[in-house]
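As a plain string of letters, each chain reads:
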Amino acid sequence: SAVISQKPSRDICQRGTSLTIQCQVDSQVTMMFWYRQQPGQSLTLIATANQGSEATYESGFVIDKFPISRPNLTFSTLTVSNMSPEDSSIYLCSVTKTLDYTFGSGTRLTVV
Amino acid sequence: QKEVEQDPGPLSVPEGAIVSLNCTYSNSAFQYFMWYRQYSRKGPELLMYTYSSGNKEDGRFTAQVDKSSKYISLFIRDSQPSDSATYLCAMKGSNDYKLSFGAGTTVTVRA
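Chains as they are written, first to last, in my numbering: chain A, 1 to 112; chain B, 113 to 223.
There may be inaccurate statements among the hints.
EDC-like, lysine to aspartate or glutamate: derived pairs with alpha carbons at most 16 Å apart [said to hold, decoys possible]:
no. : chain 1 : residue 1 : chain 2 : residue 2
1   : B       : Lys210    : B       : Glu115
2   : B       : Lys210    : A       : Asp100
3   : B       : Lys154    : B       : Asp195
4   : A       : Lys97     : B       : Asp208
5   : A       : Lys97     : B       : Asp178
6   : B       : Lys210    : A       : Glu58
7   : B       : Lys182    : B       : Glu115
Computed footprint of chain B on chain A, listed as stretches where at least three residues anywhere in the stretch have a Cβ under 8 Å from a Cβ of chain B [claimed, not checked]:
no. : stretch
8   : 34–42
9   : 95–106
Label-pair ranges, simulated between beta-carbon atoms [claimed, not checked]:
no. : chain 1 : residue 1 : chain 2 : residue 2 : range
10  : A       : Asp100    : B       : Pro126    : 28 to 36 Å
11  : B       : Leu158    : A       : Thr56     : 38 to 46 Å
12  : B       : Thr136    : A       : Ile63     : 32 to 40 Å
It is worth saying that the hints were derived from the structure and are not from the lab.
Quick reminder that beta carbons are idealized off the backbone N, C-alpha and C, glycines included.
Starting from the given sequences, assemble the full structure and let the hints guide the process.
The following block contains the structure:
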C-alpha cells in the first residue's frame with residue numbers, strides 16, 4: 001500500500017480566510033482523491049485530482065471554493081477558500097492502486 | 113434515499129463477543145465491496161474487500177456479500193478492545209473508480 005503524508009493534521013481558521021492542505025505520497029499514483037468527512041456522515045468525494053489537467057469536481061463542489069493542484073504523480077494540494085463555519089470538517093486525501101484505496105490521516109479543520 | 117445505508121450505532125459489546133455490522137445499497141452495478149476501519153483522529157484503513165457475492169475470511173474477520181438482497185455484512189469474532197473503532201462500508205462498480213461509503217458504525221468493545 002502507498003503511504004500518505006497529509007499536512008496539517010488540524011487547524012483553526014478565521015472565517016473568510018483560506019487553508020491549503022498538502023498530500024504527499026511515497027510512490028507514483030495515477031488516481032488521487034479529496035474527501036470531506038463530517039461528523040456522523042459518510043465520506044463525500046470532493047474531487048479527483050488529475051496530474052497535468054484540471055481536477056474533476058463532484059456535484060456540489062466547485063473549483064473556486066476548493067481549488068486543487070496536482071503538479072506531479074506524488075503530490076496534491078486542496079485549498080478551502082473563503083471559509084465559513086460550515087466548512088468545519090475533516091478533509092482526507094486518498095490514492096488508489098488497483099483496489100487498494102489508501103487514505104491519509106486527515107486534516108481536522110475548525111472555522112471560527 | 114442514500115446510495116449506501118449503514119446504521120451509525122453506536123454499538124457496544126463485551127470483550128469476546130461477535131460484532132455484526134451491515135450495509136444495504138441500492139446500486140445494482142456495485143461489484144466491489146470493502147470494509148474500512150477508522151480509529152479516532154486517523155484515516156480509514158482497508159480491512160477487507162470482496163468481489164461480487166460470497167464470503168471472505170481473514171483471521172477474526174468475515175465479510176459476506178449478498179448481491180440478490182443488496183446486503184453486505186462484516187463479522188468480528190472474539191472481539192477485542194483494540195477493535196473499538198468506526199467501521200465503514202464502501203463499494204464501487206467494475207468500471208468505476210469512485211467509492212460510495214456508508215456513514216460508518218461506531219463500535220466499542222468493553223474489557
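Status of the hints after comparison with the structure:
no., hint, verdict
1, B/Lys210 <-> B/Glu115, "13 Å, holds"
2, B/Lys210 <-> A/Asp100, "12 Å, holds"
3, B/Lys154 <-> B/Asp195, "14 Å, holds"
4, A/Lys97 <-> B/Asp208, "13 Å, holds"
5, A/Lys97 <-> B/Asp178, "26 Å, violated"
6, B/Lys210 <-> A/Glu58, "10 Å, holds"
7, B/Lys182 <-> B/Glu115, "11 Å, holds"
8, 34–42, "holds (count 3)"
9, 95–106, "holds (count 9)"
10, A/Asp100 <-> B/Pro126: 28 to 36 Å, "33 Å, holds"
11, B/Leu158 <-> A/Thr56: 38 to 46 Å, "23 Å, violated"
12, B/Thr136 <-> A/Ile63: 32 to 40 Å, "34 Å, holds"
The structure does not agree with the numbered hints 5 and 11 stated previously, though it agrees with the rest.
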